[in-house]
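S.K.: So the sequences go chain by chain: A and B.
Per this note's numbering, residue 1 is the first one in the first sequence, and the count goes up by one each step.
Per this note's numbering, residue 1001 is the first one in the second sequence, and the count goes up by one each step.
Treat the hints with care, as some may be off.
[Stated by the list, open to error] Partial chain B-side listing against chain A, Cβ under 10 Å, derived:
#	residue
1	1047
2	1100
3	1241
[As the list claims (entries may be wrong)] In silico contact screen, one side only, chain A against chain B (beta carbon under 10 Å); selected entries:
#	residue
4	94
5	166
6	169
7	170
8	193
9	253
10	256
[Unchecked claim] Cβ pair distances, simulated, as ranges:
#	chain 1	residue 1	chain 2	residue 2	range
11	A	66	B	1103	36 to 42 Å
12	A	8	B	1168	37 to 43 Å
13	B	1015	A	21	37 to 43 Å
14	B	1088	A	104	28 to 34 Å
15	A	103	B	1015	29 to 35 Å
16	A	104	B	1015	31 to 37 Å
17	B	1088	A	31	20 to 26 Å
18	A	209	B	1167	33 to 39 Å
19	A	189	B	1025	39 to 45 Å
20	B	1132	A	37	43 to 49 Å
21	B	1168	A	140	56 to 62 Å
22	B	1125	A	103	50 to 56 Å
23	A	234	B	1088	51 to 57 Å
24	B	1103	A	95	29 to 35 Å
Calculated from the structure, these hints are not laboratory results.
Here the structure is a predicted model, which means the values were calculated and not measured.
We treat Cβ as the ideally placed atom computed from N, Cα and C, and that holds for glycine.
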Amino acid sequence: MESGLFRRALYRGSVAFAFLLMLAPVVTVVAISFFRQEIVTFPPEALTLRWYVNAWDQQEFARGFITSLEVAALATLIGVPLGTAAALALQRSSIRGKGALNALLLGPLAVPGVVAGTALYMFYLRAEFWLDRDITATLEGLVAAHVLLTIPWSVRLVSASLVGMDRSAEEAAANLGARPLTVFWRVTLPMLRPGIVAAALFSFIQSFENLELTLLLVGPGRTTLPVAMLSYLEFRMDPTLSAVATVQIVLVAALMLLTDRFVKLSRVV
Amino acid sequence: MGDLVLEALTKRYGGTVAVDGVNLEVQQGEMVALLGPSGCGKTTTLRMVAGFITPSSGNVRIAGQDVTRKPPYARDTGMVFQSYALFPHMSVGQNVAFGLEMRKVGRAERETRVMEALRLVRLDHLADRLPGQLSGGQQQRVALARALVVNPAVFLLDEPLSNLDAKLRGEVRMEIRSLQQRLGLTTLIVTHDQEEALTMADRLVVMERGRVRQVGTAEELYESPRDPFVAGFVGRCNLIEGQPEGAAGFRAKGGALLPCTNGASAAGSGAVLALRPERIALAAAEPREGAARLAAVTYLGAQTEYVVDYAGTPLVVIRATPPEGDPLRRLAPGDAVTLTWDAAAARLLPAQ
């Protein structure tokens, strides 16, 4: 009895501790964004919205936000269909070298972002020379780089859905007279929908918040929000960044809640 | 509707033969069960009929037409899967309508036929539900309606009852059988459950390691099994190895001499005597040297199962549980007993 109580307390305590660890930074960032003083001290002198106003006034943030949205949306639109097709090939076809192909597709997740970013930067410079046109600091260049993030996430999540899928529904469709392409559009794809939606969501978030891979690929006038935030930090240390981060957190949370209404994310991820 | 013919149907995977020269004719309106232990090739055979597996050799004919090389969508079969295989994103009505849609049946006729099919399985009131909202038994009936609505030439059932609980299994079994008979469906059903096969099918095909061991009605298989495998697989059976001796005896390997009726050809090499446990009568006896002794008694309610050491040969005996007060009721392991059986009930089978 004694030890039962103790174990339950230990269990609840560790769960609470884990939640604390995960939520503390988020809560801190949100709280600081309302502190009035420039150098963060506790307790706050007073609460204010001036950092939000300041963030709104910074052109770099507004432009970075738009660029990040564009890049994330395009990289998701390109990466998810490619990743889905790759997952289908990996799970369903009889092509050779699946293991190597899988490793190649998931590779970008294993390479540190800064390393991949540096490699891409050097490759872009070379390509600019050959093609005689700008690639770094263009929307196309950023989207191409971020597709490297969205493809592995899509391959991973759609593969997981495919592995857990009962193939007899597809056989039943064929048995009822559906040709292979009809089976794919009417049965396979709808059954994969949760995995695809989750892939799109995670791709979007990965791209939207990416800093390391993007760092060297931006330029004046074409910067993503995370890079703009880092640049701001080089000159000033006030809660403006907390205000921007809070807006970002709210946005991502809203996106997840919205997605969860259509697809139960807990079932896919 | 039409008949189904399998001619020397064979499937090889590398060096192993999954299905080995299966010949079978299923008459128009007949229900035939493929029965056997797992890995015997029954499911592979069914899947070759549906077109999901391409045979290595041999032919499949449906209603007189050779469909061996045709893809599944071009064959006129209606299949019910073990996992039901309903489309989870479509309503019950849309599931049932799918096959009609593929056959380009007009909307009005489609709706009528879908409702008819759902009425047949008493689910017309659930047409708008999603499969996930139905019970296992209801899902199974939707799968039946979906396969039947297109009037397939051949109806295929792959272990249709194995995901249902015991009580529901009995109900759905009756339902499938009565539908099959009412609509005169040419049906092939795969099952590993002999009771299912015995109660539903007109004829049974017992398979083992890719080969057909015997084809016949339930009674034929039970009363006149052709070999020890069939005798042991359909119902329970004492299978005793040994040699026929004289005109009315069988010398078991353990040394016991058991009465039986030997055919003319029986003499010679090794053989197996098949003796059903319920054909053996059991009585208490005075203890004496060399008598049969009871080794174990298991009370099973309506029946009692005895294991008897018959001069070195173990024999299983199953009798209706004797009423209370009957001396047989007090039998315990170690007691002497006498066993008797009609010599004609002991069948001599070739050794495997």
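S.K.: Compare the structure with each hint and give your call.
M.R.: The hints, checked one at a time:
1. Satisfaction of the interface hint for residue 1047 of chain B is found here, the shortest Cβ-Cβ separation to chain A being roughly 9 Å, below the 10 Å cut-off.
2. The criterion of a C-beta within 10 Å of any C-beta in chain A is met by residue 1100 of chain B, whose closest approach is roughly 9 Å, and the hint holds.
3. Checking residue 1241 of chain B against chain A by beta carbon gives a least distance of about 43 Å; that is not within 10 Å, so the hint is violated.
4. Taking 10 Å as the C-beta contact cut-off toward chain B, the hint placing residue 94 of chain A at the interface is violated, the least distance being around 14 Å.
5. A least Cβ separation of about 6 Å between residue 166 of chain A and chain B falls short of the 10 Å threshold, and the interface hint therefore holds.
6. Taking 10 Å as the C-beta cut-off, the interface hint given for residue 169 of chain A holds, the closest approach to chain B being about 5 Å.
7. The beta carbon of residue 170 of chain A comes within 8 Å of a beta carbon in chain B, closer than 10 Å, and the hint placing it at the interface holds.
8. Because the closest C-beta pair between residue 193 of chain A and chain B is about 7 Å apart, less than 10 Å, the hint holds.
9. A least Cβ separation of about 28 Å between residue 253 of chain A and chain B goes past the 10 Å threshold, and the interface hint is therefore violated.
10. Restraint check, residue 256 of chain A versus chain B: the minimum CB separation of about 22 Å is more than 10 Å; hint violated.
11. Checked against the given bound of 36 to 42 Å, the beta carbons of residue 66 of chain A and residue 1103 of chain B, roughly 51 Å apart, lie outside it.
12. Our hint of 37 to 43 Å for residue 8 of chain A and residue 1168 of chain B holds, since their Cβ atoms are close to 39 Å apart.
13. Separated by about 57 Å at the C-beta atoms, residue 1015 of chain B and residue 21 of chain A break the suggested range of 37 to 43 Å.
14. Here the CB-CB span from residue 1088 of chain B to residue 104 of chain A is close to 33 Å, well matched to the stated 28 to 34 Å.
15. Taken as a hint, the range 29 to 35 Å holds for the pair residue 103 of chain A and residue 1015 of chain B, whose Cβ atoms sit roughly 32 Å apart.
16. At about 34 Å, the beta-carbon gap between residue 104 of chain A and residue 1015 of chain B stays in the expected band of 31 to 37 Å.
17. Range check, residue 1088 of chain B to residue 31 of chain A: about 44 Å between beta-carbon atoms, so the 20 to 26 Å window is missed.
18. Hint check: residue 209 of chain A to residue 1167 of chain B, Cβ distance near 54 Å, so the stated range 33 to 39 Å is violated.
19. Between residue 189 of chain A and residue 1025 of chain B the C-beta distance comes to about 41 Å, which sits within the given range of 39 to 45 Å.
20. Take residue 1132 of chain B and residue 37 of chain A: their Cβ atoms lie about 55 Å apart, and the range 43 to 49 Å is violated.
21. For the pair residue 1168 of chain B and residue 140 of chain A, the beta carbons lie near 60 Å from each other, so the given range of 56 to 62 Å is met.
22. A hinted range of 50 to 56 Å holds for the C-beta pair residue 1125 of chain B and residue 103 of chain A, which are about 53 Å apart.
23. Checking the proposed 51 to 57 Å range against residue 234 of chain A and residue 1088 of chain B shows it holds: the Cβ atoms sit about 52 Å from each other.
24. Roughly 34 Å separates the CB atoms of residue 1103 of chain B and residue 95 of chain A, a value that falls within the hinted 29 to 35 Å.
In summary, the structure is inconsistent with hints 3, 4, 9, 10, 11, 13, 17, 18, 20 from the numbered list given earlier, while agreeing with the others.
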